[in-house]
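Quick note, the sequences are listed as chains A and B, same order.
276 is the number that full-length UniProt numbering gives to position 276 of the first sequence; each next residue is one higher, with no gaps.
17 is the number that full-length UniProt numbering gives to position 17 of the second sequence; each next residue is one higher, with no gaps.
Rather than coming from a laboratory, the hints here were simulated on the basis of the structure.
There could be a bad hint or two in this list.
[Unchecked claim] Heads up, incomplete: computed chain B residues facing chain A, CB under 7 Å, no partners named:
#	residue
1	PRO63
2	ALA80
3	CYS81
4	THR129
5	ASP131
6	ARG137
7	GLN434
8	PRO437
9	ALA456
10	VAL458
11	SER492
[What the hints assert, rightly or not] Anything over 10 Å on all C-beta distances counts as not near chain A; from chain B, calculated:
#	residue
12	PRO96
13	GLU98
14	SER134
15	GLU247
16	ASP250
17	SER316
18	GLY482
19	ASN495
20	VAL496
21	GLN521
Glycine included, each C-beta is placed from N, C-alpha and C at the ideal position.
There are 2 protein chains.
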Amino acid sequence: MSNQKILIAGGWRDARNPEGFFHSSNPAEKSELSDSFPISSREEVLEMIQSGKEAAEAMYSIPPEKIADFLEKFASNIEACTDELVEIAHLETALPKETRLRAVELPRTTDQLRQAAVAVRERSWAKATIDTKSNIRAKFGALGGPVVVFGPNNFPYAFNSVSGGDFASAIAAGNPVIAKANPAQVGTTKVLAEAAFEAVKASGLPKAAVQLIYHIKTEVGLMLVSHPDVGATGFTGGRPSGLKLKEAADKAGKPIYLEMSSVNPVFFLSEALNERHKEIATELYASCSLGSGQFCTNPGLVVVENNEAGMDFLNSVTKSFAENEPGTLFSSNGPKNIADAVATLVNAGAEVLLGGKENDGPGYSFQNTLLKVSGDTFLQNSKHLQTEAFGTVTLFVFVNNSDQMKAVAAKLEGNLTGSIYSDRGGEDDQVYKQIEPVLRTKVGRLLNDKMPTSVAVVASMNHGGPYPATGHPGFSAVGIPGSMIRFAALHSYDNVREHRLPVELKNENPTGKMWRLIDGQWSQGNVVVN
Amino acid sequence: MSNQKILIAGGWRDARNPEGFFHSSNPAEKSELSDSFPISSREEVLEMIQSGKEAAEAMYSIPPEKIADFLEKFASNIEACTDELVEIAHLETALPKETRLRAVELPRTTDQLRQAAVAVRERSWAKATIDTKSNIRAKFGALGGPVVVFGPNNFPYAFNSVSGGDFASAIAAGNPVIAKANPAQVGTTKVLAEAAFEAVKASGLPKAAVQLIYHIKTEVGLMLVSHPDVGATGFTGGRPSGLKLKEAADKAGKPIYLEMSSVNPVFFLSEALNERHKEIATELYASCSLGSGQFCTNPGLVVVENNEAGMDFLNSVTKSFAENEPGTLFSSNGPKNIADAVATLVNAGAEVLLGGKENDGPGYSFQNTLLKVSGDTFLQNSKHLQTEAFGTVTLFVFVNNSDQMKAVAAKLEGNLTGSIYSDRGGEDDQVYKQIEPVLRTKVGRLLNDKMPTSVAVVASMNHGGPYPATGHPGFSAVGIPGSMIRFAALHSYDNVREHRLPVELKNENPTGKMWRLIDGQWSQGNVVVN
């Protein structure tokens, strides 16, 4: 056992006056890992903020190419320690080494970093807007203070506080990052932070552009996100923690972007089930069990009509859920939290059809679980019947007809996604038209005939949605360059002399490729001043 | 005297069980106007929200051309009642009929509405983003519930809750509006709402697309902005009210955009004062006295070096402030609030050089007021020395040198604007480079050699800035189409069948002019699917 160092103020050092130490665990064996990680004190976090603020000032005047260079070097450094990263992340999360960790999530992570580098070099992300007549020019720019990133427990690389989407977006937008590791993945996070810090030094970024703490007490977290010198916060995690941080940041007028919880409703129209219920049942199980059900976009709520097609579908789904073994959960909290959520659902009127209990075995796990409830009951108790269970747990809502299906949609809270499966030939297009307008305003991403668990890293992705899925319906946590805008401020320049403008707003297009809105037209050309 | 009707649920009617009645006043004569306006009850506001929600659902499926048509008809209706509007607004605000009301603010207001109409027809505002390989498509769309708009007291047309920038932006983005009038301008607001409602009927919008209440109690306002069926809120007004509404909306996860307060610092570098201090003094007084000093962008804080140029400049400014009569303020609160603010500044160490007291005369007014403080004192007590006085009141900060000027900039709260005046020949470019990076992160709009009070309605305008000037540093309240995005949600479509996509996201460009980001390139063309 050794006490691990934190990354602060431009170097690795022992935590000063820590509030204690902790260990991450091996959930497949219900055992503790040997390395010991500090819980940082308020004073240490204050020092970190101060260093982050100074790094933000330094980053204001460095060329974006250095940031792009950092992102690319970091991606290469990650690849260079793939074996180590796969080993430690597998130990800490029990996620399969193949294909999940090595072949899917790690390349996704380096791809995100490289996409961010491309966006930084090309500069269109800043949405430069130039009005020549009034000579007012605007673009998005860095916040002037470090961005705090809280990472979740379900993507050890791709959403990690020191390598994931929020990290890449914040740095690419020109901000230093203060990463707060997920306590369940501190070993993985340490390796990633080492790779990041080597890239910081090699690319010539301010050394405090990346800082890392492993754990802090709640009150220190609240101080951190509301500190006047902090730029903004990105948080991915559970709703209770997210709401506490949101309240503190909101009160201080500090932007905070949260991705908190979602049951990702899937509406199966009867004609689709008549057409292909077995095929869809297979798709549903595959989506529900991905990552042992611990995906933000896991389909936890299924809406079908109470008719023969609906029952046939339920039978097929029950078969898949029953035939397959549940996966390992991330921690001892996993089975407990799922059991609590299932109890809430049952108390609210749902009936357990399958599973419903913690699973015996060497690792933390919970039985594959199916519940059902009538549309009438759902409508009476819709709040509690939307409780998220973070595992392979799905609630079927059996509605009387399409009108009640629409009523169920109207009762939904904000979600990341909403899916509608319908007949390939368009037999139920009228029902689709009934449901879609209601569902549209409840979700960030609307899908047709597709499960929500695949989240492509493309510009048109919305990994966001209305509250309480997130804190604001206008932003996505995934998809470059959109996700970068969260960590930027709108900077307008009125009558500013040309030689003092940022290069993105000078008459000459700085890259020859940057898209700028000049007098209402998007252009890759230079500004022509009459 | 007659009791005025409210506009609710698609028609004008008497308020039901109002909490009381009130009158607006004539500030030039310190007298009450005769019309009596109701304070609406909680039940009435709940009915309004319900009607607004239904209107939002109806607006989801109407063609945007109807919204554009509404905006244009409304602008024409306003022009048709120009005389009546100028008369009543002059009575309620004491703003000059010529040129301010008739020739400046009214045309600005109709221009904003028409710019919004152009944006709606052309559709580029929605930032349609299409990735053909993954077939994911996204755009900004309406929020699914009514937008609440609270209007300020200082622009009876251009920021009015029922005709101003927030109103135009919210409707243009496809949302119904619940307008909450500024109680000081209920007569003006009534005339504007009549013009709006005629346009609603003529253009075929849902009749509850525009609703109007005159006044509500604080707790009803808090309920309104946090109601689950409301889409978002736009607020322009004082900081205490704004912060209360923000807290309620934040807690409910409802977006709220606030424009609250700003002292709009202006930094005068010494070489600029050496070069042209008399000319600049004239500019400063003109800006400080615009609208009797009741502009959001009024320059209330001036920073100069404590040297001969700084003293010469102060003398010139003092002459302008002393020679001119102060204008009329909007209400009896005006002189009282300014006196309070001046007292706060004095208690914090500022010295009154001129004015400082309520002005005698037939109308509400306050003496043109100048104060000064040393840089040392400012740095010691910077919070209180940034108190906004909503009138012709300006605090000079005399700093020891450019380092202290930078230190003052670093202590600034978030502001709408920040200006730097410097030598035309570039003699003090080095000082500019010292100050600018610090000031940049504190303000929404950075100006050179220009006073902040002119707010052009162009795409590159940022009438916004970091907290507490607003609630979020990424949005502008002025400038179409940017201001519309505040009242929109990001809607992503994943694998959605082409005939079900909104027209903005179908393969064919719906207008032939709409800009869309297709596979990373902005284009006005069609999507070519291989």
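Cross-check of the supplied hints:
1. PRO63: violated, 15 Å
2. ALA80: violated, 29 Å
3. CYS81: This hint is violated: CYS81(B) lies away from chain A, its Cβ roughly 30 Å from the closest one there, beyond 7 Å.
4. THR129: holds, 4 Å
5. ASP131: holds, 4 Å
6. ARG137: With a closest approach of 5 Å, the ARG137(B) hint holds.
7. GLN434: violated, 12 Å
8. PRO437: This interface hint holds because 5 Å falls under the 7 Å limit.
9. ALA456: holds, 5 Å
10. VAL458: Check passed: Cβ of VAL458(B) comes within 4 Å of chain A, closer than 7 Å.
11. SER492: holds, 3 Å
12. PRO96: holds, 25 Å
13. GLU98: holds, 24 Å
14. SER134: violated, 5 Å
15. GLU247: violated, 7 Å
16. ASP250: Its Cβ does come within 10 Å of chain A, the nearest being 4 Å, so this is violated.
17. SER316: Given a closest Cβ separation of 22 Å, the condition holds.
18. GLY482: violated, 8 Å
19. ASN495: Incorrect as stated: the minimum Cβ-Cβ distance to chain A is 5 Å, not above 10 Å.
20. VAL496: violated, 5 Å
21. GLN521: Its Cβ does come within 10 Å of chain A, the nearest being 8 Å, so this is violated.
When the structure is compared with the earlier hints, violations turn up for hints 1, 2, 3, 7, 14, 15, 16, 18, 19, 20, 21 and for no others.
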